[in-house]
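A.B. asks: Please put together the full structure from these sequences, using the hints given.
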Amino acid sequence: MAINRELREIAEHIGGTISGDGDVVIKDIRGIDDARAGDLTFIANPQYRKKLKETKASAVIVSSEIRESGKNLIIVNDPYIALTKALALFYPEGRNPTGISSDACIGEDALIGEDVTIYPGVYVGSGTRIGKGAILHPGVSLGNGVVIGEDAVLYPNVTIYRRCIIGNRVILHAGVVVGSDGFGFAHPGRDNMKVPQTGIVQIDDECEIGANTTIDRATLGKTWIKRGTKVDNLVQIAHNVVIGENSVIVAQVGISGSTKLGKSVIVGGQAGIVGHIEIGNNVMIAAQSGVHEGIGSNNIVAGSPHRPHRDWLRTQACIAKLPEMRKTIKTLSQKLAILEKELEDLKE
Amino acid sequence: MAINRELREIAEHIGGTISGDGDVVIKDIRGIDDARAGDLTFIANPQYRKKLKETKASAVIVSSEIRESGKNLIIVNDPYIALTKALALFYPEGRNPTGISSDACIGEDALIGEDVTIYPGVYVGSGTRIGKGAILHPGVSLGNGVVIGEDAVLYPNVTIYRRCIIGNRVILHAGVVVGSDGFGFAHPGRDNMKVPQTGIVQIDDECEIGANTTIDRATLGKTWIKRGTKVDNLVQIAHNVVIGENSVIVAQVGISGSTKLGKSVIVGGQAGIVGHIEIGNNVMIAAQSGVHEGIGSNNIVAGSPHRPHRDWLRTQACIAKLPEMRKTIKTLSQKLAILEKELEDLKE
Amino acid sequence: MAINRELREIAEHIGGTISGDGDVVIKDIRGIDDARAGDLTFIANPQYRKKLKETKASAVIVSSEIRESGKNLIIVNDPYIALTKALALFYPEGRNPTGISSDACIGEDALIGEDVTIYPGVYVGSGTRIGKGAILHPGVSLGNGVVIGEDAVLYPNVTIYRRCIIGNRVILHAGVVVGSDGFGFAHPGRDNMKVPQTGIVQIDDECEIGANTTIDRATLGKTWIKRGTKVDNLVQIAHNVVIGENSVIVAQVGISGSTKLGKSVIVGGQAGIVGHIEIGNNVMIAAQSGVHEGIGSNNIVAGSPHRPHRDWLRTQACIAKLPEMRKTIKTLSQKLAILEKELEDLKE
Chain E
1 MAINRELREI
11 AEHIGGTISG
21 DGDVVIKDIR
31 GIDDARAGDL
41 TFIANPQYRK
51 KLKETKASAV
61 IVSSEIRESG
71 KNLIIVNDPY
81 IALTKALALF
91 YPEGRNPTGI
101 SSDACIGEDA
111 LIGEDVTIYP
121 GVYVGSGTRI
131 GKGAILHPGV
141 SLGNGVVIGE
151 DAVLYPNVTI
161 YRRCIIGNRV
171 ILHAGVVVGS
181 DGFGFAHPGR
191 DNMKVPQTGI
201 VQIDDECEIG
211 ANTTIDRATL
221 GKTWIKRGTK
231 VDNLVQIAHN
241 VVIGENSVIV
251 AQVGISGSTK
261 LGKSVIVGGQ
271 AGIVGHIEIG
281 NNVMIAAQSG
291 VHEGIGSNNI
301 VAGSPHRPHR
311 DWLRTQACIA
321 KLPEMRKTIK
331 TLSQKLAILE
341 KELEDLKE
Chain C
1 MAINRELREI
11 AEHIGGTISG
21 DGDVVIKDIR
31 GIDDARAGDL
41 TFIANPQYRK
51 KLKETKASAV
61 IVSSEIRESG
71 KNLIIVNDPY
81 IALTKALALF
91 YPEGRNPTGI
101 SSDACIGEDA
111 LIGEDVTIYP
121 GVYVGSGTRI
131 GKGAILHPGV
141 SLGNGVVIGE
151 DAVLYPNVTI
161 YRRCIIGNRV
171 ILHAGVVVGS
181 DGFGFAHPGR
191 DNMKVPQTGI
201 VQIDDECEIG
211 ANTTIDRATL
221 GKTWIKRGTK
231 VDNLVQIAHN
241 VVIGENSVIV
251 AQVGISGSTK
261 LGKSVIVGGQ
271 AGIVGHIEIG
281 NNVMIAAQSG
291 VHEGIGSNNI
301 VAGSPHRPHR
311 DWLRTQACIA
321 KLPEMRKTIK
331 TLSQKLAILE
341 KELEDLKE
Chain L
1 MAINRELREI
11 AEHIGGTISG
21 DGDVVIKDIR
31 GIDDARAGDL
41 TFIANPQYRK
51 KLKETKASAV
61 IVSSEIRESG
71 KNLIIVNDPY
81 IALTKALALF
91 YPEGRNPTGI
101 SSDACIGEDA
111 LIGEDVTIYP
121 GVYVGSGTRI
131 GKGAILHPGV
141 SLGNGVVIGE
151 DAVLYPNVTI
161 YRRCIIGNRV
171 ILHAGVVVGS
181 DGFGFAHPGR
191 DNMKVPQTGI
201 VQIDDECEIG
211 ANTTIDRATL
221 GKTWIKRGTK
231 VDNLVQIAHN
241 VVIGENSVIV
251 AQVGISGSTK
261 LGKSVIVGGQ
271 AGIVGHIEIG
281 NNVMIAAQSG
291 VHEGIGSNNI
301 VAGSPHRPHR
311 DWLRTQACIA
321 KLPEMRKTIK
331 TLSQKLAILE
341 KELEDLKE
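Protein chains in written order, with the numbering used here: chain E, 1 to 348; chain C, 1 to 348; chain L, 1 to 348.
Please note that a few of the clues may not be correct.
Treat identical chains as interchangeable: a pair holds within one or across any two.
As the list claims (entries may be wrong) - With a cut-off of at most 20 Å between alpha-carbon atoms, the simulated SDA-like pairs for lysine to any residue come out as follows:
hint : residue 1 : residue 2
1    : Lys56     : Asp34
2    : Lys260    : His187
3    : Lys51     : Phe90
4    : Lys222    : Asp34
5    : Lys50     : Asp311
6    : Lys85     : Gln47
7    : Lys56     : Lys330
Keep in mind that the hints were calculated from the coordinates and are not lab data.
C.D. replies: Given below as structure tokens:
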């Protein structure tokens, strides 16, 4: 539940300047359409600026470009960051460890740290290590020899296969699967001979993985998600993929086997990336792209097959003009035929 | 198990007219290829009409365009609707409440209605309310403060996060995740600072959500699926999305944050929709479309990026002709060069 | 854990010829970048050939094209197959049946074969049959009347709805859903009247299904995955689909209702296939394709909408040239106008 606070106190906490009444009492934070008297709201996207006049909120977090009179404002550099801090103030994360349920099954030799919460219906394999403060929600299943970091949160029905390693403060949303067999078959389409998948998955500290995303174990070695990377829902990460630090992988992306992404790569929703290629640092891949070959650092690409974003824009503009182009070509052909004939007549 | 019935009785139930023998006894309903003597089958799609002669079925549900002699027919306006009614007659939905398993974990202050069925391995958080007649299959996990409507069915391993609201007669198929955190990070690609997701998901009456579909909770306020909307498997619905009444979202569609769909919108499989846009009522979006901006009511669109369906068809026709167009342009250039030269010669 | 073996012994097991020292002792198998002294590695993809000089591995599995001196080699016809055999030698599959957990719920009349392993938190419906040697991991839920074949492995949180049939030696990875209702509604976008889904899913022997993949039950009859077919993660297979023997369906593919695939069909990642069509044998469908109509046997297709792969390549080459084509058309138009004028002048 939210706690009442004066606007002044919030401004201080989020590092903003007040324009208007700092004494006003704020009871909750709501979106600009839903906000009522007593609420704080925010404008992060300039397209919503026109809603400032209509909102019933008692105060609004805005960027320094906005200086509307008649509203109580907290003026900040980045309203989205400020909102994040304000939300953390109003909705402090509650972690009340409730211990290990007697309705959970804990394997032999499992090492469970302090203040770990294990809900009913959890299965923990033998030889597993669980760091202090970790939370395992109902239906979580950990194979033998799994390692879970400190303060990690595994939401309901997450599955981790044997020997996979989850870092500190990692969040795995419901239904995530980590460590399923890589899709490796010799003679595909003939006898589909299964290649044993003997590697693991390693997810480093501060990563967050979205609901029902699947991350396959390596054939040999490890599939590796590096520190601070955020993966959305329903993403497929194949065997031996490596994703660099602080990358952002949006929903329903598919990354094929052995492909390596650099740091701070952003991949838009539903994009697909072929196997065995390298993507550099700070690359941006547009939604629904099909990436078929490696990309150097600092590039922006789009389309399927992908091309530089600028080229893609130009190509798309042409595609919209195709019917017109086709017509023009036809007209040109006709005119040219006439000219040819006329010229022939002239020559005679 | 199916129950024997006379054709006459079935025709009456589904509102059709018999052509042939109404006394024939029907034992089951099967597809036209699999049907045997004693079976009722149907032709809904005209492309299967030629199978009417070959089928071994004892009777066939058909539309009024078909009046084939030699077969027992039930003639109806809409064979698919008629099939639906016939199936409901032969396979009445069995709801035998079996009570609350002692192998389920029910939190404090949970309010459980009459005739609720809770299977083993279910976890129900504290303060949760479950409407009468609801069925929670094995492995279902409900967070604190969740509300489940009357006669709702949650298949195995469904996860509902804290405070989300599920309406009456809603069906959630296995592995559905409702209420996972929205994918909101400030400074994406830099420090990926997590924005707390403090809103909820609300799914209204008569909705059905397909297996392993994920619906994220709102940052603030609610993600909202309105009455009668049907969502297929493996769909991604992001934070603060609103989907209007009676819409149909086919498998593997992705809808990005804060986008609003009107009533009776139909979205084809694997389509993607960007965030922060509005789609009107009765819009149809073709499979694999990429919708990048808002669409007014009653439009049909296709392609990625999307365009009006008619334009898309024309554009696609041109794309198929591109190699030919390119060749023609080359030929035109050559002919023009010749003409230019000839004209030059003439002038001299 | 891996077991030490002489190179000679491994070569014999995988059917290769040694070049170099057959007495060297191999302790493990690692990828070419990670391999250390004592390791065996492999080069399957020619693009990695240049790494042969740098690897620290004590021996390398290679194809007969490579005869590099200074390294211990096992020369084979197919390095990937050879690796598969070597891995099976080093990592023999451990199946130690551990019996039926007292924390599992087994329904009435369930028939459980010899040497079956049932983990805690498993739910087995009434009338279910489980073949000998099968393994049901934690959180698996089987509806009433389900059949599970011999030596089948169901990883955690797999859901099988009532009456579905799983063959011998089938592997279902975590979170797979088999038998959820097909997405069938009469009057879509109007009242979305649910069509009862009374059929089943049948998965034949030696199939493997990837994590969080969903396979819907048939409306009538069965959805059918035939022997030896391998399906990757997050794939959607709709009601009444039939997939022939030894096919390979890569991650995030969607196959719509009633479509039939032949034998040895390979479908690339994120491809979508419309409903009610037939795909022949040995068809290859490129990643991200959109297949909108039937395809005869032995064809290779690409693109959305799909076309023959060769045509698609030609078309793509043209699309890259579109801005240039458009410019040329403009130039041609201008030149033609000049010519027309000049010709007019000449005639006067």
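A.B. asks: If a hint holds in the structure, say so; if it does not, say that too.
C.D. replies: Results for each hint:
Proximity of lysine 56 and aspartate 34 under a CA criterion of 20 Å is satisfied intra-copy only: 8 Å inside one chain copy versus 61 Å between copies. Neither within a single protomer nor between protomers do lysine 260 and histidine 187 lie at most 20 Å apart by alpha-carbon distance, with minima of 25 Å and 22 Å respectively. Within a single copy, lysine 51 and phenylalanine 90 get their C-alpha atoms no closer than 23 Å, and across copies no closer than 55 Å, so neither meets the 20 Å cut-off. Proximity of lysine 222 to aspartate 34 under the C-alpha cut-off of 20 Å is restricted to the inter-copy arrangement: shortest distance 10 Å between copies versus 46 Å within a copy.
For a Cα distance limit of 20 Å, the shortest separation of lysine 50 from aspartate 311 qualifies neither inside one copy, at 34 Å, nor across copies, at 33 Å. For a Cα distance limit of 20 Å, the shortest separation of lysine 85 from glutamine 47 qualifies neither inside one copy, at 22 Å, nor across copies, at 49 Å. Taking the shortest alpha-carbon separations for lysine 56 and lysine 330, neither the intra-copy value of 60 Å nor the inter-copy value of 55 Å comes in at or below 20 Å.
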